[in-house]
Amino acid sequence: MKITFPYMGSPYMYEKLFSLLGHEVITPPRPSQRTINYGVKYSPEFACFPLKVILGTYLEALELGADTIVTSGGNGPCRAGYYGEAQKKILKNMGYDVEFIIFDEPKRDLKTFLENVKKIKVNNSWRQVIKTVKTVYDMAKSMDKVEKIIETKRAYECNKGEFTKAWHEITEEYRKIESSEDVKRVEKKAIERLNSIKICEVPEEEKIRIGIVGEIYVVMEPSINGNIEEVLNAYGAEVERSHYISEWIDFNLIPLPSYKEKEHQILKKGEEYIEIIIGGHAKQSVGAIIDFMERGFDGVIHLKPFGCLPELVSQSVIDKIMREYDYPILSLSVDEQMAIANVLTRIEAFLDVIKLKKHRKRIAR
Amino acid sequence: MKIGIPKALMYYFYYPFWKTLFESLGFEVVTSDDTSKSILDIGVKEAVAEICVPMKVYTGHVLNLLDKSVDYIYIPRFVSLRKGIFMCPKFMGLPDMIKGLFDGIENKILTHNIVSKSTDISEFHNYTVFIDKLGVSRKDLKNALKKARDKWLEFRALNKQGYDINELLTSDKPKKYDGDITIGLIGYVYNVYDRFVNMDLLNVFRKLNIKVVTFDMMEERIIQRQLKKFKKNMFWEFTNMLLGTAYEFMERDDIDGIIHITAFGCGPDSILEPFLTIDSEKHKKPFMTLRIDEQTGESHVITRVEAFTDLIRIKKYKAEKSVEGVI
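In the order they appear, the protein sequences are chains A and B.
Each residue of the first sequence is one higher than the one before, counting from 1 in our numbering.
Each residue of the second sequence is one higher than the one before, counting from 1 in our numbering.
Calculated from the structure, these hints are not laboratory results.
Bear in mind that the values here come from a model prediction, so they are computed numbers and not experimental data.
Cβ atoms here follow ideal geometry from the backbone N, Cα and C, with glycine treated the same way.
A few of these clues could be false.
[Said to hold, decoys possible] Capping the alpha-carbon separation at 20 Å, the derived lysine to any residue pairs in SDA-like fashion look like this:
hint	chain 1	residue 1	chain 2	residue 2
1	B	229	A	36
2	B	231	A	113
3	A	89	B	227
[Claimed, not checked] Computed footprint of chain B on chain A; a stretch qualifies when at least three of its residues, placed anywhere within it, have a C-beta under 8 Å from a C-beta of chain B:
hint	stretch
4	45–52
5	124–137
6	272–286
Chain A on its own, in the form it takes in the complex (with noise of 0.2 Å):
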């Protein structure tokens, strides 16, 4: 059995979690044109773009000797819990006999839930099993950690490019991790190299924070979004994504209260706009832009693929929130056809609004 999966952020997490439990994995390669282009070519038409992507990355994986492939299910109404069921009759009408492990909810069908744990369990004792997931966790929270840094501390490195490079190492290095230990060990190492890169410091009130809020694939994958992050942090602004994969797992996998206050109030948040949870992440998008805005972020952009369902309902409400608070808000389409130079214009222009805004701010006080 040769593991793969879907690609989203960073791929390691997934690769350590299946090859710490004994199976032989092939980590798909980072999305590029040629997986876009995969995915376009066998995928409806109309189907959001991280179908697309997904698919473009199975055909990959499948190249490079995959035989099965693990991925998450869901209960809808976003079109993302059935990805897996529409991908598997694409990719078995195209003559590949692949084995699909799709995880839904136990609760939708407990005995396919068992039978798939146990295919992935193996033989591994329990404890082994608990102790891995345990170690993919804590990398999870502590790579997260480290990437916000980054988010935050790039956009004043004096020396462009130092810290997106200390970034690749630093993954590098957690991909070697096998224990809890490990990883507590390399973050601090991480964060030791993160504090010895020169920066240069702009005065406070010149600071420019951005939230990136919207579709969690699309927010998450850098390769996908034209590396929204860096090129903001790169125009010297500050960000912060509504989605990190940590904070996922606390608030889906963890089935613990206290974990899941944080998405609480994002959701308690969003329920002026859009009252029930209408699937995806759209509440969520609508009530991260308003946390955003009142922990005092100058602007927020706005992720979502083309056509994504809940996302749509989301920017309808997005106008109101922009007249009703004077609140700077871009929003941007994802897909197959997205230009870069399209983006870089529209970031600057929104990124010159704020400065402006921030600027006269300043000369009324």
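Chain A is fixed; fit chain B onto it per the hints.
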């Protein structure tokens, strides 16, 4: 008091219910005008650019109702019509979306959540909002719901006998239409029955002497039986119905071909698509997708339908001839 009902989306499925409900409660019911170029244009202008056409049409109809000085515009929030199955997220966020698009419209919107066990949406608990907002008594509301339900079931029964919904909604003496070949038309009610958006597709079929069967004419138990083939159903009630109907059509000999009519940018349909294209080919059933959007040129629809049905006729009569030859 005047209640306005936009002539779009679920109007085509539930209008008899809503009309009876509000009229039994003593309100006047006003619908928006038939979809027209101007309604579509307003919708296109006001709604988010990349949203699907049916939602743009709906937005246009809401504005059309505002011009008719109604007291309330009825915009229910369809959440679920079956346990564990939802509606498209855009339906679930419909009132939010309309509120987000227009300032000051909140007080004009009459909305409530519909969470039901089946497509029969008459369960009392869904409508308790009306008691305070419209000032009706529980008893009147219950009676009105019962009346509305009866009326709707009557409408659905006729619909299932093969009368199309436009006939039932617009004519006192509905007619059934026959033809020498039969097409299974897979599409949501608001795509199949909105004459403006789909270039009067049903009439195109009639002129070509083609009989049309749609999902709303199918017995729900047949659809559900087909859906059992799927380990995991899709998340959207009406998409599931289309899926079940399509598989039924693929297996039935009296259906000569299947046309999937879908709106540009329809999300659920994009997931439905691979299942229909792949499996209709396996069943050797002619299949075509017809995509509609805010363009209003009708010739492409006619040309494609003509070409498709010509091929079906050739195939059908060739097959009949060869059978005769054997005899």
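Just to be careful, I want the Cα atoms of residue 231 of chain B and residue 113 of chain A compared with a cutoff of 20 Å; is the pair within it? Holds, at about 13 Å.
Take a quick look at whether residue 229 of chain B and residue 36 of chain A sit within 20 Å of each other, Cα to Cα. violated (32 Å)
Coverage of the stretch 272–286 of chain A by chain B, judged on three or more residues with CB within 8 Å: holds (count 8)
For residue 89 of chain A and residue 227 of chain B, compute the direct alpha-carbon distance and say whether it is at most 20 Å. With Cα atoms ~16 Å apart, residue 89 of chain A and residue 227 of chain B stay inside 20 Å; holds.
Apply the coverage criterion to the stretch 45–52 of chain A and chain B: a residue qualifies when its Cβ sits closer than 8 Å to a Cβ of the chain, and three qualifying residues are needed. That given contact holds, which follows from 4 residues of the stretch 45–52 of chain A lying within Cβ reach (below 8 Å) of chain B.
Three residues or more, CB to CB closer than 8 Å: is that satisfied between the stretch 124–137 of chain A and chain B? Contact hint for the stretch 124–137 of chain A vs chain B: violated, 0 residues under 8 Å.
Violated hints for the displayed structure, listed by number in ascending order: 1 and 5.
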